[in-house]
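Protein chains in written order, with our numbering: chain A, 264 to 1016; chain B, 84 to 239; chain C, 543 to 828; chain D, 608 to 690.
Among the hints, a few may not be true.
Unchecked claim - Stretch-level coverage of chain A by chain C, calculated; a stretch enters the list once three of its residues show a Cβ under 8 Å from a Cβ in chain C:
id : region
1  : 880-886
2  : 922-932
3  : 1001-1011
As the list claims (entries may be wrong) - Examples of chain D residues lying across from chain A (beta carbon under 7 Å, computed):
id : residue
4  : A618
5  : G664
6  : K665
7  : F667
8  : D669
What the hints contain is simulated information worked out from the structure, not anything from laboratory work.
Cβ coordinates follow ideal geometry from the N, Cα and C atoms, glycine included.
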Amino acid sequence: MTMNPDLVDKTYKVIGTRVRRPDGVDKVTGRARYGADASAPGQLVGLVLRSPHAHAVIKKIDISKAEKLKGVKAVITSADFPDHTNGDRGLRDILENCMARKKALYDGHAVAAVAAVDARTAREALKLIKVDYQILPHVTEVDDAFKANAPLLHDDIFTDGITPTPTKSSNFVKQAEYGHGDIDAGFREADVIIEKSYKTEQTHQGYIEPHSCLASVSPDGMAEMWVCTQGHFVYRNQCAAILGMDANKLRVTSSEIGGGFGGKTHIWAEPLALALSRKANRPVKLTMTRDEVFRATGPTSSTSIDVKIGAKKDGTITAAFAELRYHGGAFPGNWAEFGAMTGFACYDLKNVKTVSKDCVVNRPKTAAYRAPSTPQVCFAVESTVDEVARAIGMNPVDFRIKNAAKEGTKSSYGPVYGPIGIGPTLEAAKNHPHMKAPLAKDTGRGMACGFWFNFGGQTCVDMNVTPDGNVTVAVGTIDVGGSRASLALVVAEELGVPYDAVRVVVADTSTLGHNDMTDGSRGTFSSSMAAVFATRNAIKTLRERAAKTWEIPLDEVVWEDGAARAVGAQHGNRAPLTLKEIAAAAPGSGGPIAGHAEIVADNAGVSFATHICDAHVDKETGKTTITRYTVIQDAGKAMHPAYVEGQYQGGAAQGIGWALNEEYIYGANGRLQNAGFLDYRIPVCSDLPMIDTQILEIPNPHHPYGVRGVGETSIVPPLAAVANAVTNAAGVHMNHVPMSPPRILKAIKALKA
Amino acid sequence: MSVHVKTTINGDQVEFVCGADEPLLDVLRNRLGLTGAKEGCGTGDCGACSVILDGRLVCSCLVLGAEMDGRSVETIEGMADGAKLHPLQQQFIDNAALQCGVCTPGFLMAAQALLRKNPDPTEEDIRFGLAGNLCRCTGYDKIVRAVQAAAKEMRG
Amino acid sequence: MRYEAPATAKEAVALLAKEKGTAYVLAGGTDLLVKMKAGMVEPDLVVDIKRIKAMREIKKTATGFSIGGAVPCAALTENAALVKAWPGVVEAANLIGSKQVQGRCTMSGNLCNASPAADSVPALVAAGAKVAITGPKGSRKLAVEDVPAGVGRTNLKKGEIVTSIELPKKLAKSGDAYLRFIPRTEMDIAVVSCAVNLTIDGKGVITKARVALGAVAVTVLLVKDAAKAIIGTKLDDAAKAKLTAACSAACKPIDDKRGTIEFRTDVAGVLARRAAETAYARAGGK
Amino acid sequence: MSRLEIHLWGALRPLAGGASSIFIEAQTIRELFRKMGEQYPGMEPHLRRGVAVSISGKVFRDQLDTPLPPDQEIYLLPRVPGG
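Start from the sequences and build out the full structure, keeping to the hints where you can.
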C-alpha cells in the first residue's frame, strides 16, 4: 500500500492528545448560545402556517384578518417571494420548499408566516389566515410514485437518463447506471445466486436542537442573521439569492449548533424570518417546534432496493447487481444515484451493475443525513452478502476479506482505488476479541462493512498572533463535534506552542471568505489543512522578523518549538527568539503578524468501516436488544482520539436507531403520524451498550498530518450489522428496516408456520 | 391572565410575572435570561429542559411558571460553585461526554438528581437514570463514563 | 386562561363547578401541558391541586393505603411499606414517561387522562384499587376500572376530582406484577401491557387472581377469563397456556403507529404469562 | 497536447451517444469542462451543477486548475453531498 512515508509512525507533541475542548466550560454551564438563545431589542416572534394536506392546490390565501389583529406586524405568503432564481432549478426548488407557491406538496409545507409581538398573538394570527385548498390525491410511497397512474407532483419532470427523454411528465426524476464488466456472464459463472428485495423507511437526523434563527433586515438593505447551521456561508448565499439581496449585505453569524448530521445544510425557515423582518422592519426570531422539525425539514429517502449477488464456491463474487429506488421528498434529487455509487464500493468486483431510479413523493424535501443514501443500500447489499456467504458455507468475515476492494481495484462507481482501508478494517474485525467472545442464548452476532466518500471543499482560515505572543484562529467551518479543539491542536503543533496558547473561533460571514459547510466529513479535514497552511505562512513571517532583528539572512533562521532559531556556524550560538518576543517586537519589525490560507481541500480520500454487533432477540415479542457493539474505522490520523471515538459511537448509535425503531409513519391521509420524539423513537441511554471503538490510522497522503474525514462512515454499516445479528439470533431474514418488534415477530411466526 | 410569582432559583429570590399558561421553561429562558435549559421538544420527551424542582428532576416545559410561587428551582446556571465546576461538569469535559452540547445541561441536571439519590450507581442505574434525556451525538458511551467518573470522585 | 391553586379540595371543586368555560385539573401536568402545547385543549381555567395538603400524602389506612391525588409517582418509590405491599403498582407508576415525568405525574392523573395505554391503570385494576372522588354533590368511591368511559373520557361529573387512590391491604401470600411492551427500554407509551395480582394458599395453589390488560381496547380491561384460567392451579404450563389464550382472546386492539392488532394480541398473552410468573414468585409460590 | 480518455458516469453516457468514454484534448480540468460543454452541449447542465473528477482514484471537486496528466485514469462523477 502506498502512503506518505513521512507520516507513518510520526510522533507529535500535542496532536493525538485528549485535550479539553475550548467550548467545554460554556457547554456545561449553560452559557453556550445556540440558535434560540439570542435576542434582539424589539424582536418579534415568527410563526409559520403549514399545510395539513399532503397534496393540494392553494387556490387562495386570505391574510386580511390576520394582518388586522393587534400586535401582528407582518404576514407573508409566496407573494412576498418573487422568483429571483433565474432558471436555476435547484434554487427554485429551495424557494418553493421554503414557501409553497401554487401547490402544497406535503403535510407541513409552509404556506404563510406571521411576525407578532408575542407568541400568543402570533398563534392567534395563524388561526385567522384562511387558506382555500383544493385537495389532490397524494403519493407517499416510493414504489407507488413510479406507477403510471400515480398522482403527479410536478408537471415539468421528464425522466432524465432515459433515451429518448419521455415527453410525458412523471414522478420519475432520473435514472442512472454504474458498473463495469458483464453481469450476465458473471451470474452464469456463479455457483450460488441470491436475489432479494429490501425496503427501508424514512428517518430523520433527529438533532436535539430545533432550527432557530434571529433575523434583522433594515430598510437600507443591511441584514443580520443569527442561526444554527452547518454552513453559515451557504445559508447566506442561498437566502440572499432567494430574497434578491446582495450577499455582502447579509451578515450571518452561526450560533453553537445543537446537532445537524446533514439536516442543517439546507435552508428551511430562514428566508421566512428574513422576509418577515424586512416587512415588519423589526428583528424576528423564528424557532421551529419539534413537530415542524419532523414535518418540514429534510429527512432521508425511504427506499426500495433489489439486490442480486452471485458467487463461486471458493468464495469469489462473480457478479453483483442492484436496482435502487429512492425519493427526494417533494422535490427532485439524486439520492438513489448516490446509493448506486456507494452500494458495492467495498468490493473488488469483476462484474457489477447498479441502476438508480429517483422519484418525488408527497413528503418533505429530502436532505443529507450522514453519509446520505448509503446506509440504506448498505443494508440491502451487506444482508445479501451474508446470505451468499452462508449459502456457500463460508465465514462472513473471510468471505468479505476475500472480495474486499484494495489499491488498484476498479471501484463499482468507476475510478480505480488508490490506497484504501477496507482490508485493514476487516482484518482488524477478524482479529478483534469481540469476534471470538461467546454468545448468550437467543443472541446472534452480525457484521457489515461500509463505505463513504469524504470531501474537502472551499475553506479559509485566518491565523493571528496577538501582541502578547498568543494565537487566535478564525475559521469558517462550523464546529459540530469538537473541531475547534482539533484545529487548536494542529496550529499548536505547527507552531510548537502549548494547546492553550491557541484560541479558535468560528468567524461570521462578513469577516472571512466563503467556506463550504460542515458536511461530507470535511470539517476537521479541510479546516486543519487550511490552518496548517495559514500557520506556515505566519511562521514564514515570524522567521522574517527574527532575521530582521538578528540582521541575518532568512535562510539562516528556522522555526522550532515555538521559537526562531539561527542556524549555521556563524549565528548558531544566538539565543532563540520566542514567539512572545517576536510578537512584542512586531510594531517595530513590520506590524501585526498573521497567516492566511484560502484553499480548496480536494482529494479527501474515501473511508471504510467494519462493525460487529451482538443482538439478543426476544422470540416471543420480537424485541431486539443490542448487547455488544464494536466500530472499526480508519481515521488517517486521529487529531483528538476522544472526538474521533465520539464520531464513531454517535454514528453507530444513529444507525442502530434506524435499524430497530426509527421511521416516518404516514397515515392513509398522507399526514405524518409520529412527528415527535415520543413516537419517532431515537435510542435512549438504556437502549444501548457501551460502543467499543478501534481507530486505525492509515495516514491520508494528501493531508499534512494524514487526516481523513471520520464523521459519516460510522452510520453506514449498522443497519446491516444489526440485521445480520438478528438473522443469526432468530433465524429470520429481515428485509425491511426498521426491524421493529412487530416486523420481527411476524417474521418469526412465518418461520414457524 | 398574568400571574405574579415569587420563587427561589439557584438559591436566589426571584420575582416574575408570567402568563397563566406559560411553561416554566419559557419563563426561565425568555423572562429570566436563563437559557441553559433548552427546548428540544416542548413535550417532555427529550429532557433538554430538565431542572430540579423542590428536589425532584422535572422537565421545565411540563411545569407552569404560575406553579412556582414559594418553590425552589435548580438550573444548570447554578450548578458550579462560583468558578469551580461541579465534578459532573468537569468530568463531562474531561471525558468528551459532549459534542454539540445542547443536551448537556439537561444531562447534567439528570445526573445530579441521580447521584443525590444513588451515589454509587451501576452502569444500568445510570443508563435508566438518564433515559429521559436524549443525546443524538455521542451514543451515550462517554456520558455514562463521565457520570461514573464523577460519582467515583464525589464519593471520595 | 386562569390559574388557581386552592388550598382545599372543597375550594377546588367549587372553582371547577362554577367555571362556565373549559376547566382542567392540574395534578402533574404531564399530559395536560402536552395537550395545551399541541393546541388540543385551550382551558379557560386550570385548577392546580398540588397545594392541597391532604392530596400530597401517602397514608397507611385501616383498609390499606390512601395515595393522594397529587402525589407524584416518584414519591411512591420512597414509601417502603407501599413498595413492599404493591410492587407491581409502584413499578407500573414508575414506568410512566421518564424520571423527569415521574417527578411530576400522578396515578390519578394517569387514570383521569383515560388513555387505554396508561401504565399505572392495569396495575391498579389488578390490585382492586378504588378512587375517592369529591364533587359538588359530596364524595363517592368508584372502582378504578369504572373511571374511564372511553378514550380520553371518564365517568367523573363536572366539578368532580379524584382526591385519592385507595389500595387495599396486601393479603398474605399474594403478589402483583406489571409488564408492558415498548419498542425501546424507556420513554415509550405501552404498545400492550398486563398486570396480574394473585394470592396462593399454603400449597402454592392460586386462590384469587385479577388480570388486567392495557392498550388492547378503548379502556383497560379486567379479564375475568384470564383469572379463571389460573385460579386453582399452581401456575403450571397448562394454566399458563390457558392464561395466554384467554388474554389474547380478550384483546380488541387497533392498528396504529405503535403496533398492529396481530402484535398486540400475541404479546398480550406473552406479557400475561410473564407477569403471572413474577406475581406468583412474589406471592411466595415456587 | 495529449488526447485523454474521459470515462463518463451513467447519467452522462446518453449525452455522448451512449459511449462510456469520450476522447478530449485537455491539460486541466477547466479546459476539459470547457471543451466538453462545446462538444456535448447536453452535458452543460451537469457541468453547471458540478462534476467531480477522479484522476487515478484521487477525487477533485473544485480545483479546476488541476492538471490532467496523460496515462492516468480520468473518471467523471457527480458531486455527492454530505451529512
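Here is how each hint holds up against the structure:
no. : hint      : result
1   : 880-886   : holds (count 4)
2   : 922-932   : holds (count 3)
3   : 1001-1011 : holds (count 5)
4   : A618      : holds, 4 Å
5   : G664      : holds, 4 Å
6   : K665      : holds, 5 Å
7   : F667      : holds, 4 Å
8   : D669      : holds, 4 Å
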